[in-house]
Structure formats: structure tokens, C-alpha cells
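Could you build all of it, start to finish, from the sequences and the hints given here?
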Amino acid sequence: MKHVLEIEELTVTFRTENGDVRPVDDISFAVRPGETVCIVGESGSGKSVTSLAILNLLGKGGEIGPGRIRLAGEQLTEKSGAELRKARGKDAAMIFQEPMTTLNPVLTIGDQLREAIRLHAGLRGKAANAYAAELLREAGIARAEQVLKQYPHSLSGGMRQRVVIAMAIAGKPKLLIADEPTTALDVTVQAQILALLKRLRTDHDTAILLITHDLGVVAEMADRVLVMYAGQIVEETDVFTLFDRPLHPYTRGLMKAVPAISDGPDYRLEAIPGSVPDIGRLPQGCRFHPRCPAAADRCRGEMPTLTPAAPAHLVRCWLAGQSPAS
Amino acid sequence: MPEPSREATPLLRADQLSTYYPIRRGVWNRTTGYIRAVDGVTLEVYPGETLGLVGESGCGKSTLGRTLLRLEEPHAGRIYYEGDEVTTLTERRLRPYRTHYQMIFQDPYASLNPRMTAGELVAEPLLAHRLAGKGEALRLAHRLLELVGLPRASAGRYPHQFSGGQRQRIGIARALAVTPKLIVCDEPVSALDVSVQAQILHLLQDLQRELDLTYIFIAHGLGAVHYISTRVAVMYLGTIVEIADKRALFASPKHPYTRMLLNASPVSDPRRRGRAILVPEGDVPSASNPPSGCRFHTRCPIAMPRCVAEEPALTGGAHAVACHYPLGGTGEEETHGLVRRETAAR
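Residue numbers (numbering that gives the first Met the number 0), protein chains in the order written: chain H, 0 to 325; chain X, 0 to 345.
Warning: the hint list may mix true and false statements.
To spell it out: a stretch of chain X is covered by chain H in this simulated footprint if at least three of its residues, at any positions, have a beta carbon under 8 Å from a beta carbon of chain H; those stretches are [claimed, not checked]: (1) 157–164; (2) 194–201; (3) 244–257; (4) 276–286.
Here are some, though not all, of the chain H residues that point toward chain X, as calculated from beta-carbon distances under 7 Å [claimed, not checked]: (5) Glu219; (6) Ala256; (7) Pro258; (8) Ala259; (9) Val275.
Quick caveat, the hints were computed from the structure, so don't treat them as lab data.
Here a beta-carbon is modelled for each residue, glycine too, at the ideal position from N, C-alpha and C.
Shown next, in the form of C-alpha cells:
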């Protein structure tokens, strides 16, 4: 299998009182086994909706189409509800920013883990119990037997996220989708959880689709990066190229807008003017042009396409081929 | 930025300040213990500086900020504004000081009345403190909204019509309305989009220069604190464990906790991802029953018997640290047997 996940021309439409909006607009990308792909973006970029669409968790109002999603070689967009539920957990599992959205407050960790194990690993009874403890240890929880008897509220945020990861890996999924998994955590706990995700990748060749707004997390984790803005991919390349030679003015702007800890002299951050556009009121032409320092006439009238600016480096900008916009 | 003068009277001083929250249990709501959110903090804030306050959730940084402004009742200790003790002043006697000490919040949406226009919101503190009549207050509000970079037309609009960054600008304009000397900024950029955070940091910097403001800048993100602060204090379980000039603290942290906090922060450079990451073991202990001696000893890789028995005092002048065995050298080298644990898989 060449790719764990293949997404082709995915569009998600939400119907609202003020007409249809498209939080995800014609997205294509693929994830290889064992690869960590980061989707980086801000509010309204479509990064979370993309992740929900993959497992068909959009709920009422959100419609996929057109577009194709292939998970572990199988077309997901044509599957029934039951088939989908099976694919979730076995082929792909998801972890969210807030672990309590996944955990049931009135069941013990053991109850919930055994349920996940029954569904995705087909084990019951003693075997399920032993596997539950093993999963917790895999997720870095030393006192596994004790934690199995505890309720979610008695655990810290970091411990809860470890439990959710343990549940997610019960079916040995080929792909783990993590939507801002460390955003609600303190930095020392974040470092632990990121290390855990890296270990899953090395030990089990688990592919990870990591959704984040934090360029620091991207630099720590990604093999490849998709930068999203207002529902579209605006840049895609490997992590080193992205940090060495970002081509899209938005990516460049983001990098200069984040304060870095350095012992150099005091400096002034470079702010991106304006704010993230509302997906119901997107500007004409390039969606970034109202905030772009280099915007030209063409950018205001005509939407740029995502095209290769260098080998394996895609960018959606009319000016990217020219001398770097400063 | 003007150099803050250490000889000057501190604009704000806290002496052994503690804020406890009672834990109530049972039918009779009896107090069975206390959460020691802030526990014996002594610090000074000098005119013109920005004191960064960092620490992880539950360390007491926000409670300290609120207690310093007398928005929380201290359990013990004293607070001085420009040399005057204000710890026990009644609300009426505190009033003249209130205008000089203001606060801005993380979520400006939650702190802005949705039924009031931006102009009314900014005029409100002026009216509440009887600093201006209605017409005058609204006129001033228009000027303040312009000062924080909002278009003139925004005075008549309601909070929901603004973006997150713009709402934070309204929050800042409100704080500025009563011409404060010191503003406690509690996570002012944490809820904002990354691309907008820099705008607000710029605004705070520019206002500081133009209006001679002093800030206490509370945040969990070390990047923003490093960027904006003159000095930085690190909190752990209700106490300050280290306080120093920004450069000294980030270049050569002396407390093992500070070192770990810096080390655990993600670095925006993929070529440094292989570096050894050192993190404290386990979870933060409960603030209702903090560990004996040094509060960090349960998670400290170099804790000694003395650390369990004896609470270290915050000492050392300009670079003060509360540790019996402070680290030396730079952040990159191994010192004092501080064990490096490879948690980063390559």
C-alpha cells in the first residue's frame, strides 16, 4: 500500500441561513504509512473540518462532495454507516484537543478501554483486561492497573489525553488523526505527549495526521506540512523546506509573527495586518490578498492555483515563481 | 524602551502575599482545607517595566495578578501601591487607586457586555469613576478607540461585530480610559489567531512607550513573554521559584523547573527536533497540600534530602532563585548531574 490516506478534490459544504459556505474547498493530499503530516492553519482555515470529514464525523449540515477519500485503499465516501464505524478505530482513529469529548465521565477508564478493545480488537474478558493495561503502558501510564479502575475526572489533563491515545491505538490503526492534541495542555505535558506520538510512529509505523496552529509543534513533529488558509491549501512541502524557504506570503508572515526565544538583540515582530476572513464572506481572487504585503492587481481579480514552484513544493500564489516577496 | 529605574519607588509591591480559597465539604459547608493558590509571594514592579509572569496551569499566576489588583481578597501579606499600603482599604478608600491599576483579560468577549456599543463600553469606566460627564466620556471613548487602532466607525458597533483581535483592542481601550499607570495583562493574546497576536503585542508595546505604562504580563506561552518582558518571574504551585532579567533567565535559568519549562517549549526549527527534552516527572501536586520543603522536590531530578526538609527562600538579588542547589552555566550544558532523558525519538 502506497498511501494510508488519499484525499482527492475534497469539498465540504455547510448550509446556513445566509447560503452555502465551504469551509473546505477542493483539497487534495495523501499520507504514506509511518509519515507525519501536519495541517497548520488558524481559525476558519478548514483544518479541523478536513479531519472530521475523513472519518465522516461532520454531523448534520455538513456535506462532503464532490471529492474522494480513500483510507487504507478503500473508498470511504461510498461506505455505509456500519462499514464506516468499523473503519474508524481499525484503519484510522482520532484524538481531539479536549480528551473529555471522547471520554464518558460516568464509566471507568477500564470500561471504556475494554469497549474499544471489544470493537476494534475483538477481545473480551481477561484478555481484554490484560490488553487494556498493556495499551495504557504503551501510552506511558506506569500505574496502569490502578488507572483502569479510575474515572476520567480523577485524572489530570495529560493523563486523560494518554488514555484517549490508548483507546485510539486499541485497533492498531494505520492512521492516527490528532486535532490539536496538545493545545489544552501545559508545555511540559505537551512535550510528553508529542514524544509519545513520535514513539508510536517509530514503533508501529503509524501514520499521523496532526492538525495544529502551532509552528513549534509542526517543527517538532512533521515530515510534511500543508498550510491551510480560508479553506484551501496554500502551501505544501517537507518540513525542512517549509522552514528554510517558505514561499507563500501567508506562511512567511506566520513565521515572522511568532516570537522566538533567542538571545539575540531586541527586535520587532512583523504582524500580518487585518484578520482571518469569515468563510461566508471570502474576498475575490486570492483569499489572502487583503492581508498580503505583495498583492498585485492579478491577486485581487484571479484565484491562484496550487502549483509546483519547485520539486515537491506546491504553492498557491501568483508571485511565488518570481523574486521572493519580502 | 526606557530603562526602568530600580531606585524609584516600586509602582507595586507585594510582601508575603497569600491567596487561599476555602475547600468546603458536607451538608454544613464546613471548611475542610484551603487551596493555596498564591502562597507567600514577595515581588516588586518598577515604573516602565514589563514583568512577565509564567508558569503552568494552576501555578497561581492569574490569581496573583488579580490579588495584586485587589480583585481577590488576600489571605495574608501586604500590597503597596507607590509605597502606600492598600491591603485592607475599603472599596471606597481604594477608589482613587483603582483607576491607576487596571486589567485586561484573555477572552475580551466574555468581559464585554454584548448589549453595549464599543463607544459605550470604553466610556463606561470613565462614568463609573465619575471622571467625565456622558458627552465628554463618549468623546474620549472615540479618541481611545482610535488610539488602539480601531476605525472611527467602530464606536457605534457591538462586540459581536468585531473580530477577536479587535475585541481585545476594545478591552485595552477600556483599561486605558481611566489613565492607568499599571495594567495586569492576563493572557491577552492566548485566545487570538497566531497571525493576530503580533498586532496586539505591538499595540501593547507602542502604548507602553507613548503613555509610560507598566505591565504585568501573565502568559503560559514563553515566546510572547520573552518578546515583551523586561523581567520574568516563574511560578510553581503558588510561589515564585525564580525571577530575573529576561536575558539572564532565558540564557541561564537557575531553577531546575525553569530549565525544564524552557527545554520543553517547542522550537520553531525542525533541525533542533532531535535535542534531548527534559520534562518533570508525573503531575503537579495538589495546591491544597503542597509538598514539604521545596515544592518542586517531588518532580525534581536533582532533589536532595535537604530539599524535602527545608523550604528554600527566594534569594540572589537581581537574579533570585528559590533552590538549595541552583544550576550554573548555560541551558545547553549538563550541570549538577541534572539527568538528561531522551524522550525525543529520532
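- Query: Measuring from the C-beta of Val275 of chain H to each C-beta in chain X, is the shortest one below 7 Å?
  - Reply: Constraint on Val275 of chain H satisfied, holds at 5 Å.
- Tell me if chain H covers the stretch 194–201 of chain X under the three-residue, 8 Å CB rule, please? Contact hint for the stretch 194–201 of chain X vs chain H: holds, 7 residues under 8 Å.
- Hold the hint about Glu219 of chain H up to the distance rule: shortest CB distance to chain X must be less than 7 Å. With a closest approach of 5 Å, the Glu219 of chain H hint holds.
- Message: Ala256 of chain H was flagged as interface toward chain X. Is the shortest Cβ-Cβ separation under 7 Å?
- Response: OK, holds: Ala256 of chain H within 7 Å of chain X, min 4 Å.
- Message: Closer than 8 Å Cβ to Cβ for three or more residues is the test here. Does the stretch 276–286 of chain X pass it with chain H?
- Response: holds (count 5)
- Message: Take the shortest C-beta to C-beta distance between Pro258 of chain H and chain X; is it under 7 Å?
- Response: This interface hint holds because 4 Å falls under the 7 Å limit.
- How does the coverage statement for the stretch 157–164 of chain X fare against chain H, requiring three or more residues with Cβ below 8 Å from a Cβ of that chain? Held - the stretch 157–164 of chain X has 3 residues with a Cβ nearer than 8 Å to chain H, which meets the minimum of three.
- Message: Can you confirm whether chain H covers the stretch 244–257 of chain X, using C-beta to C-beta distances below 8 Å and requiring at least three such residues?
- Response: With 3 residues close enough to chain H, the hint holds.
- Item | Restraint satisfaction for Ala259 of chain H [CB to CB of chain X, less than 7 Å] | 6 Å, holds
Violated hints for the displayed structure: none, as all numbered hints are satisfied.
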